[in-house]
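Engineer: Below, each chain spelled out in residue letters.
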Amino acid sequence: MIFLASQSFLSEVNQLHGKSKYNCILKSLFSEFHNRTDQELIERGSTLHHINDKYIKKKRLLTCNNGGKRGGFRTIAAVDAAAGVCGLLMIYPKVGPDRKNSATKSEGKTALASYLKDKDSDCLMEMNFNVQDESVYFTPIKLKP
Amino acid sequence: MELTTISAHKAKILETSSQVKSYVSEEDQINQFLDNVIALRNFINDVNDGYERLLLLVESLTQAEDLDSASDAEVQDILDDLKKLNTSFSRMFAQMNRHEVVRNGCNTVLLDLRINIRNLGESITDLEELFFLSEDDEELTAMLNDFAL
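Listed in order, the protein sequences are those of chains A and B.
Per our numbering, numbering of the first sequence is gapless, rising by one per residue and ending at 497.
Per our numbering, numbering of the second sequence is gapless, rising by one per residue and ending at 631.
Possibly wrong hints are sitting among the right ones.
Stated by the list, open to error - Straight line, CA to CA, 16 Å or less: simulated EDC-like cross-link-like pairs of lysine to aspartate or glutamate:
(1) A/LYS457 - B/ASP510
(2) A/LYS457 - B/GLU611
(3) A/LYS494 - A/GLU478
Said to hold, decoys possible - Per the computed footprint, the stretches of chain A lying under chain B, defined by three or more beta-carbons under 8 Å from a beta-carbon of chain B, are:
(4) 364-373
(5) 385-391
(6) 467-481
(7) 485-496
If you're looking for bench data, these hints aren't it; they were derived computationally from the structure.
For clarity, every value in this text was computed on a predicted model and none was experimentally measured.
Even glycine gets a Cβ: it sits at the ideal position worked out from N, Cα and C.
Extracted from the complex, chain B is given alone in its bound form:
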């Protein structure tokens, strides 16, 4: 449209002004997107905090070594529950890590989550070793008795 009249100018100006105004709504969209990333990061942080509490509790469980048939089942329940939890969050981690936006926006907390999942996996193995696979080791006991003398 050739801008020869005031009407033509007005139309062009209003059209362009309308386009510029639409950028504001895009900014809102960007802000909302960023808010979602922050919310996701906070969620993953909460998961990590939960993992830290769990890991401390599991470590303290290794102090209790008396195992009878009743506690055998209780320990197995604990292990089953922890394994399920770890599997769920491993899958969740894998799904989130596939998306570049999530991976970049939540990089640190996702790395923490991977460490926590691995730590809990290790603790589960330690529990199984201690409660179910432990064998009498007189040599180790003797060495431990001697070490501080």
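Next comes chain A alone, as it looks inside the complex:
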């Protein structure tokens, strides 16, 4: 499975990572997505929408400083197991001063539209896993020849 992120997703990650309350966000992403089977990626989290084998999922990520409990962040992701692609659409905190209300399907749709725009412009980012640090990092990826 390849993990691709929109520019707006990356911007949200960077913004949160810069704040002490949320600086575990890269580790939370690692914990949720590293070494997951395709089935786990489809099953974990709530399904907001799906058609055939493509899903829009809302996933609960680990909280910072809370003994490994999930619930600190929410990620909206699109998963197409057949194509081997997991698109990261949006991420937001559910605790702390920047906490947000639950994302609706409409907001997921807006985030997916932004992802598709980045895909057309060939400016998606790939999420990679740093196993030693148990963290993730993002690199540009060119999908068009």
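Model the placement of chain B on the given structure of chain A, informed by the hints.
Structural biologist: Quick look at chain B alone, frame taken from chain A:
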């Protein structure tokens, strides 16, 4: 009492010794109090573990989208049950959080409980949205079909 005689000394010593011995029973009381706090913390932990199991089950329910009149009622039963549970534990959380001793002694597990209550509230809303308020969205379906191509 002026301590001029052995008897007077004895009385004073025994009185003071008796006071010191009473501290032991206070220590027992403190230990019992601490045991109660630990028991309360364990109870809240058990509640949190139960919430985690529930949350996973509710998430997996969102995979099932086929809704007919029979399953309509079943989903409503589930939602009603979850709402009642969440309301009960919200009240319990509020009561416990009012007491400084409980709040301080069970701080971490109480914070976990609040997160779990909020998470379940969110999951209930997601279920209602998915099963009862969902509308055909051809545009979203088309976008989802395109996203990995």
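Engineer: Take the hints in turn and mark each one as holding or not.
Structural biologist: Going down the list of hints, with the structure as the test:
{"no.": "1", "hint": "A/LYS457 - B/ASP510", "verdict": "violated, 57 Å"}
{"no.": "2", "hint": "A/LYS457 - B/GLU611", "verdict": "holds, 9 Å"}
{"no.": "3", "hint": "A/LYS494 - A/GLU478", "verdict": "holds, 9 Å"}
{"no.": "4", "hint": "364-373", "verdict": "violated (count 0)"}
{"no.": "5", "hint": "385-391", "verdict": "violated (count 0)"}
{"no.": "6", "hint": "467-481", "verdict": "holds (count 3)"}
{"no.": "7", "hint": "485-496", "verdict": "violated (count 0)"}
Hints 1, 4, 5, 7 from the earlier list are contradicted by this structure; the remaining hints agree with it.
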